[in-house]
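Read off the chains here:
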Amino acid sequence: MTPIPRLPATGRRTALLGTLGGVAGFGLARPALAQSGQPIRIGMSMPLQVQLGRDARAALGFAVEEVNARGGLLGRKVEVAFADETDNTEAGVNGVRKLLNDDKVDALVGHYTSGTFLAAMPHIARAKRVTVIVGASSPAIADRVKQDYARYKYIFRTTMNASNQSADVLDFVSGMLVGELGLKRIGIVAENARWAQDIATLLVEGAAKVGAQVTVNETVDNSTTDFSPILSRVRSSGAQFMMTLLAHSKGDLLTKQWHDTRVPVLWGGIDGRAMDADYFNLVDGKCLSMIAANFAVRAPITPRTIPFFDSFKERTGHFPSYTAWTSANGFHVYAQAVERAKTLDADAVVAEMERTNYEGVEGRIEFDDRHDARSGPGLLNYVFAQWQPNGERVVLWPKAIRSGAMIVPPWLSDARTPG
Amino acid sequence: MEVIVLGAVTSSVYALLAVGFTLIFGVARIINLAHGAFYAVAGYAAYILINLGGWPVLPAMLAAVLITALFGVAVDRVFVRPLRHSHMAVLMITLAISMAVEQGLTVAFLGEARSLPPLIDGKVSVLGVDVAAQRLLTLLVSVVLIGALWLFIQRSRLGAAILAISQDPEAAEYVGIPAERIFALVMGLSAALAASASVLASPFLSVQPSMGLLPMVKAFCIVIIGGLGSIPGSILAACLLGFTETFVAFHISSTWSEVISVAAVFAMLALRPAGLLGKREAF
Numbered sequence: 001m002t003p004i005p006r007l008p009a010t011g012r013r014t015a016l017l018g019t020l021g022g023v024a025g026f027g028l029a030r031p032a033l034a035q036s037g038q039p040i041r042i043g044m045s046m047p048l049q050v051q052l053g054r055d056a057r058a059a060l061g062f063a064v065e066e067v068n069a070r071g072g073l074l075g076r077k078v079e080v081a082f083a084d085e086t087d088n089t090e091a092g093v094n095g096v097r098k099l100l101n102d103d104k105v106d107a108l109v110g111h112y113t114s115g116t117f118l119a120a121m122p123h124i125a126r127a128k129r130v131t132v133i134v135g136a137s138s139p140a141i142a143d144r145v146k147q148d149y150a151r152y153k154y155i156f157r158t159t160m161n162a163s164n165q166s167a168d169v170l171d172f173v174s175g176m177l178v179g180e181l182g183l184k185r186i187g188i189v190a191e192n193a194r195w196a197q198d199i200a201t202l203l204v205e206g207a208a209k210v211g212a213q214v215t216v217n218e219t220v221d222n223s224t225t226d227f228s229p230i231l232s233r234v235r236s237s238g239a240q241f242m243m244t245l246l247a248h249s250k251g252d253l254l255t256k257q258w259h260d261t262r263v264p265v266l267w268g269g270i271d272g273r274a275m276d277a278d279y280f281n282l283v284d285g286k287c288l289s290m291i292a293a294n295f296a297v298r299a300p301i302t303p304r305t306i307p308f309f310d311s312f313k314e315r316t317g318h319f320p321s322y323t324a325w326t327s328a329n330g331f332h333v334y335a336q337a338v339e340r341a342k343t344l345d346a347d348a349v350v351a352e353m354e355r356t357n358y359e360g361v362e363g364r365i366e367f368d369d370r371h372d373a374r375s376g377p378g379l380l381n382y383v384f385a386q387w388q389p390n391g392e393r394v395v396l397w398p399k400a401i402r403s404g405a406m407i408v409p410p411w412l413s414d415a416r417t418p419g
Numbered sequence: 001m002e003v004i005v006l007g008a009v010t011s012s013v014y015a016l017l018a019v020g021f022t023l024i025f026g027v028a029r030i031i032n033l034a035h036g037a038f039y040a041v042a043g044y045a046a047y048i049l050i051n052l053g054g055w056p057v058l059p060a061m062l063a064a065v066l067i068t069a070l071f072g073v074a075v076d077r078v079f080v081r082p083l084r085h086s087h088m089a090v091l092m093i094t095l096a097i098s099m100a101v102e103q104g105l106t107v108a109f110l111g112e113a114r115s116l117p118p119l120i121d122g123k124v125s126v127l128g129v130d131v132a133a134q135r136l137l138t139l140l141v142s143v144v145l146i147g148a149l150w151l152f153i154q155r156s157r158l159g160a161a162i163l164a165i166s167q168d169p170e171a172a173e174y175v176g177i178p179a180e181r182i183f184a185l186v187m188g189l190s191a192a193l194a195a196s197a198s199v200l201a202s203p204f205l206s207v208q209p210s211m212g213l214l215p216m217v218k219a220f221c222i223v224i225i226g227g228l229g230s231i232p233g234s235i236l237a238a239c240l241l242g243f244t245e246t247f248v249a250f251h252i253s254s255t256w257s258e259v260i261s262v263a264a265v266f267a268m269l270a271l272r273p274a275g276l277l278g279k280r281e282a283f
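As given, the protein sequences belong to chains X and Z, one line each in that order. Take the UniProt record's numbering: the last position of the first sequence gets the number 419, and nothing is skipped along the way. Take the UniProt record's numbering: the last position of the second sequence gets the number 283, and nothing is skipped along the way.
Isolated chain Z (complex conformation):
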């Protein structure tokens, strides 16, 4: 039962991270290695607002998500747009942004881990399992956010534009959809999802300059397993990975749980390069 409850929490954080990462690939066809930097920027933005600005926790976390979304849009406009024609150039510039953010945070805040206060303190018993209330909140908010994103894409005009761009950018532009604006919007959405994962998980994890690396690696693994560009594939892969890692940590050793995602990527690339729900091979 503990594996189910705690695995669901882990899966939800993974899904938030991976959905944003796969969204930007599905629409703009770029692999954004600055995705982990979005996660770190949000953590520090919330930390600054709460600990230095004296803001209440909820407004600070919402503002951190907004700030990170704007940072994502700026990254797209300033760095990615001029290089969009070259996958390799985009890879390099987003990697550079990721490293610059980490180094900048190290210089500004030193290497120490810092804490974010939880939105809800205390523990809750779910199916006989003691869970920190913040973890449960993370699970619920993640489900709501992913559901809202799904509805937005499927039901709104803007969502239809995003779908059109993802299916055929040139045809979409012919019918008047501004592709560059859509790309910037999607980058902002992607950053906001990473930021949401960050402000929800940081209270039971921590805020430190290198905090974006592991989420970036996890997100990458998940979208490879789920299929690059496939949101349902990412959600499915996030659940598979989250539950498997938790199962291994509980029944074998937490030392082995970190190996799972790497092994799964190897297996997927060897057996089904397109991923679980991907339509074509990404590499």
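Bound conformation, chain X alone:
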């Protein structure tokens, strides 16, 4: 059992705890209860060697610290155990088994890689532990919940699945690219992973319906380091916008190589690393003008968004990766359900989880019958934000929360420059 690391105290601790954790999740403030009995143990499996894993760990720590400061959960202290998911499926599954069998956690919050989680699902089902996924997005996970509810009902997801992501990507294509900019020729670059291929397929099918045309649909391996051929094919296909679908691939190399060869095609899309606040510095500012899909950025998306971002930065020195708030949300959703159920019994907690109505950092969280967070107005949505000078992120889509004007790369005169 890994203790939650002590965090530097600040004079604003009380205020910070409120904004970071989501006070609404626990109703009215109340006096701290005397914590008694065995601690409640939460297990987190995330790729801890990279920023999004470390941010998830930090955010879960903050959220747990907040709950403990208020007397714990059901009057019991909450502790956290961690496992490194790594980028290796076998190691990731072993990490989950370690949490379940050695650390004997009561619930799991975490999981970034869909393939690893799918492989770990039978172990979780056997252990009957409530599990909240904060990153893995393959619809296949929810498909299993739907198809074998009795076995997999313990699994929930507080982030958008790939189907919902593709709907939002298509909305961006329809509304902004085609509707506002008149960019109708789209080139897709998707990594060789299930979630990305799922979205690419839906995007190809949906593009024609919104007046767009997919000129090229490229698949890249996670090990690809030279993107020159791909960039060349996208350019020669006549694409006016390059849509990337990357999470485990080396999107930073694509960014640098796109910039260094001054590819005359505007681009953006889903890129796990480009969601991170430090991405601009990581690629030496070469992501300038890239329109990256995010689950949230520091913008007034919900009343919680800006306070969460500011508080996280106050305590860690940097803005959070998306896994930070999906982890905090995930823990609070679970904790709410336990409070309502007044027990840790997994079946009772599952019944309460299904009634979740929680205002998270990026939108309201409700679960559908597949235990996926719903998507739509007021719920979870993609925010398309453009990297602009000095690493600022300007929200371009949805239009309702647009925070600035779009820019184009310095080597393009306008967004409609032919590819």
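Treat the hints as calculated values from the structure; they're not laboratory data. Quick reminder that beta carbons are idealized off the backbone N, C-alpha and C, glycines included. One thing to keep in mind: the hints can contain errors.
Only some residues are given here: those of chain Z computed to face chain X with a beta carbon under 7 Å [claimed, not checked]:
id : residue
1  : D130
2  : G176
3  : E180
4  : F204
5  : L205
6  : S254
7  : T255
Based on the hints, put chain Z in the right spot on chain X.
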């Protein structure tokens, strides 16, 4: 045309990596699995000097090459020399060094990829193909370095000593050539070549703890195809592999380009175990 221009860049990086790897085998008869670690050490040395030390890019890259060369000499003196009599022991110790370097870098710098700034920014059009200026510089510097190495070995007294050791170590020692010093020098040269590839390619690739693995595998494949110990064979194989991979990536899929080197190794070991220009079977 794109295949020719970009294939030449890829080939040049491969050649820099493979020539160093084959050089140490040709002279000291050891397979150095720490070659990828040299590549990683150079990348991080340059990163530290530029980003933490505030050094200008060119001096930092030159210093990184020097640091890595000295690291190579230290590896030879401390770890390889006592075990030189056993090929298996050298294989194991150099593999251990490679793993230790990767783990050390992971602990010190975490798993994140980091960037090196290019020596030259911007793009250049060559034969109608847009190429990043840094890539073109990589091609030119690689050609110059390999040419300089060739001249050094063929024309200098030290080069003659290296050749003598590679042909008959015992006879060379009888005539007063200090074999152990030559081995250390060649390890330093080999490390410097890997380091040069690293600081030239990292601006358009990235610096991360596992960055040495793929170059190590590529170098190994190339020297098997070209013939272990043969510098011309390595250059030829690097060009064959670089152009073929680029052709496949352009005309079929980048997913398939990674399979090429493995398939070529299988074919070479089955049809011509000595490699294209090797004089004898290495395995």
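Each hint, compared with the structure:
Checking Z/D130 against chain X by beta carbon gives a least distance of about 5 Å; that is within 7 Å, so the hint holds. Interface restraint check: Z/G176 against chain X, minimum CB-CB distance 46 Å, threshold 7 Å, status violated. Interface hint status for Z/E180: violated, as the beta-carbon distance to the closest one in chain X is roughly 37 Å, over 7 Å. Restraint check, Z/F204 versus chain X: the minimum CB separation of about 6 Å is within 7 Å; hint holds.
A hinted interface residue such as Z/L205 counts as satisfied when its beta carbon comes closer than 7 Å to some beta carbon of chain X; here the least separation is about 5 Å, so the hint holds. Interface hint status for Z/S254: upheld, as the beta-carbon distance to the closest one in chain X is roughly 5 Å, under 7 Å. With 7 Å as the threshold, the beta carbon of Z/T255 comes within range of chain X, its nearest partner Cβ sitting at about 5 Å, so the hint holds.
In the structure shown, a violation is registered for the earlier hints numbered 2 and 3, in ascending order.
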